[in-house]
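The sequence shown begins at 828 in the numbering used here and counts up one residue at a time.
Derived by calculation from the structure, the hints in this document are not laboratory data.
Cβ atoms here follow ideal geometry from the backbone N, Cα and C, with glycine treated the same way.
Any given hint could be a false lead.
In silico BS3-like links for lysine-lysine, alpha-carbon gap of 25 angstroms or less [unchecked claim]:
hint : residue 1 : residue 2
1    : Lys869    : Lys920
2    : Lys897    : Lys920
3    : Lys897    : Lys869
With beta-carbon atoms standing in for the labels, derived distance ranges [said to hold, decoys possible]:
hint : residue 1 : residue 2 : range
4    : Ala851    : Ser888    : 27 to 37 angstroms
5    : Arg914    : Arg894    : 23 to 33 angstroms
6    : Ala889    : Glu861    : 12 to 22 angstroms
7    : Ala860    : Thr881    : 34 to 44 angstroms
8    : Tyr873    : Ser839    : 17 to 27 angstroms
9    : Arg910    : Ser888    : 25 to 35 angstroms
10   : Ala889    : Arg914    : 31 to 41 angstroms
11   : Ala906    : Thr872    : 39 to 49 angstroms
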Amino acid sequence: MITLHEVHEQGSEAVRAAVLAFGARHPLNGSGAEPDWSWAEKHFTYLIEVIMGTAAPPQNSAAAIVRRTKNEAIGFLLAVNTRPDYRCPICVKRQRHSL
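My request is simple: use the sequences and hints to build the entire structure.
So this is what it looks like as structure tokens:
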């Protein structure tokens with residue numbers, strides 16, 4: 828399974844910035860000072876699982892599914908990085924369930 832750390836290490840400057848922005852949307856103890864990378868990674872993993880569940884036509888090889896999932900996840904990070912009002916969809920979903 829791909830991780831935020833791997834995406835950051837292997838990505839372009841824009842991808843690295845998007846990973847940092849995703850992390851920043853998961854502040855440690857809600858303080859906003861430092862990202863809670865453990866929390867961000869859990870939410871990224873959940874997003875990967877959702878993508879893999881929708882990106883797996885039976886005729887594709889496992890390697891092709893992983894590659895497509897990685898590309899979709901990076902595309903997601905890049906797309907939301909340009910939106911200043913963006914909130915992690917996992918955080919939003921969990922907040923709705925706690926109301």
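Violated hints - listed by number, lowest first | Violated hints (numbers, rising): 6, 11; every other hint is consistent with the structure.
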